[in-house]
Amino acid sequence: MVRFYQLLANNLLANITNFTVWFALTFWIYLETRSVFATGMVAGIYLVLTAATGIWFGSLVDHHRKRTVMLASSAVSFGLYALAFAAYGLAPDGSLSDPYGAPVWILVALVMLGVIAGNIRSIALPTLVTLMIPEERRDKANGLVGMVSGVGFLTTSVISGFLVAWGGMVSTLIFALACTAAAFAHLLFVRLDEDAAAPATPHEHRKVDIAGTIKVIAAVPGLFALIFFATFNNFLGGIFMALMDAYGLSLVKVQTWGLLWGLLSTAFILSGLLISRTGLGRSPLRTLLLVNLISWAVCCVFTLQPSITLLIAGCFVWMFLGPYAEAAEQTTLQKVVPFERQGRVFGFAQSVEQAASPLTAFLIGPLTQFIFIPLMTTGAGAEAIGDWFGRGEDRGIALVFTLAGVAGVIVTLIAFNSSYYRQLARAYAKGEGQAAELGAA
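For what it's worth, our numbering labels the leading residue of the sequence shown as 18, then goes sequentially.
Treat the hints as calculated values from the structure; they're not laboratory data.
What you are looking at is a predicted structure, and each value in this text was computed from that prediction instead of being measured.
Do not take every clue at face value.
Okay, the calculated beta carbon distance ranges per label pair [to be verified]:
#1 Leu287 <-> Leu107: 39 to 47 Å
#2 Phe387 <-> Ala108: 21 to 29 Å
#3 Val19 <-> Ala103: 38 to 46 Å
#4 Ile325 <-> Ala242: 34 to 42 Å
#5 Gly409 <-> Phe206: 52 to 60 Å
#6 Gly106 <-> Arg20: 37 to 45 Å
#7 Leu107 <-> Gln272: 26 to 34 Å
#8 Ser188 <-> Val269: 20 to 28 Å
#9 Ala103 <-> Leu287: 39 to 47 Å
#10 Gly184 <-> Arg20: 30 to 38 Å
#11 Ala103 <-> Asn434: 53 to 61 Å
Even for Gly, the Cβ is constructed at its ideal location relative to N, Cα and C.
Using the sequences provided together with the hints, build the complete structure.
Right, here's the structure in full:
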């Protein structure tokens, strides 16, 4: 457990670094360009890269030592952040204020690639939970993983707002370079015994093996349905990634918005601590669907009025329940999927689940800018519901959030009453035998 806690601490530092860069870039580009279109594109680029790399990252995790790929992740991130720092310094004066110019998107691409390189840790860490933690305690360990993410968000949101206000992307990238180097150095001194859990043969060493991964997933009844359910949630979640910062910054200053995200991130910490003490109950799948139902119901109402208080309350509930959903999915996969395939299955799930979000992010920025904002400013929507819902740019964004919440509630109710839910619950109940049988195959 001491080594597991060391890994959690190391991932915390890496998460703080990469989330800070992500938050800061989003804040900075909106403040620099004042373009909702640009913030939507940034979210879309991030999600495209996440979806495109998940399967490959999963194969790297399965075929190499987990500590080695995590070290490589930090090294690659450091190199890309250094290139981004150089690109910022070489950009012509005023060019980074143009949301359609090449310099700003070169900078965005380099920064995003550096952040994406850190995603391999999010695939490696759940497999290390399987390796290091007994089955009966994995749900609680997954809660600790969620708590670490929450601490990262808490620190990140506060730091990023002040970094952008103080020194823009220069201070952000200097911070990223220093912290990435520190995470790499610390991990050099964390030793893991991975010899007993390295099943890949030399013949398999470079195979991504998508077909084999699909076969493993298909052999567990209802597992594809779980992945597709998460995919739909991420389809709607892309809306929030693309528009939340623009909406929040329309209500408060960037420093205040960063501090509020710090406050909101305590929800992750409280949730993770609670899971680490109580677990997820006898049926993690039921827990997953219940928290989704509550989360989407909250999303229907938390932007009904232009109130920062209402927004904070809704986001707190949403973020408190998020670790429950993630821990439930991880606990299910850890039990029903053989260890030697878990990296590829986690990577496949990440790629498929994230594949929907870029479509939303790329579509929702232009749709909000050119349809929903005019609709709620001077259009038919403002005339129909503007008296109680409000009018203006922020109300156009708010309407998108409300419609997304309604769609989420409907789909979650359908999932709750599906045969796939019952099939996967039964597969989880006999998960040990299922995993052993799949591993032998």
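Results of checking the hints against the structure:
A hinted range of 39 to 47 Å holds for the C-beta pair Leu287 and Leu107, which are about 44 Å apart. In this structure the supplied range 21 to 29 Å holds for Phe387 paired with Ala108, their Cβ-Cβ distance being about 28 Å. For Val19 and Ala103, the Cβ-Cβ distance of about 40 Å falls inside the hinted range of 38 to 46 Å, so the restraint holds. Distance hint for Ile325 and Ala242: a CB-CB separation of about 38 Å, consistent with the stated range 34 to 42 Å.
Under the hint 52 to 60 Å, the C-beta atoms of Gly409 and Phe206, about 54 Å apart, fit the expected range. Checked against the given bound of 37 to 45 Å, the beta carbons of Gly106 and Arg20, roughly 40 Å apart, stay inside it. In this structure, Leu107 and Gln272 meet the distance hint of 26 to 34 Å, their C-beta atoms being roughly 29 Å apart. Between Ser188 and Val269 the C-beta distance comes to about 21 Å, which sits within the given range of 20 to 28 Å.
The hint said 39 to 47 Å for the Cβ distance between Ala103 and Leu287, and at roughly 41 Å that hint holds. Here the CB-CB span from Gly184 to Arg20 is close to 37 Å, well matched to the stated 30 to 38 Å. The hinted window of 53 to 61 Å between Ala103 and Asn434 holds, with their beta carbons roughly 55 Å apart.
Of the hints listed earlier, there is not a single one the structure fails to meet.
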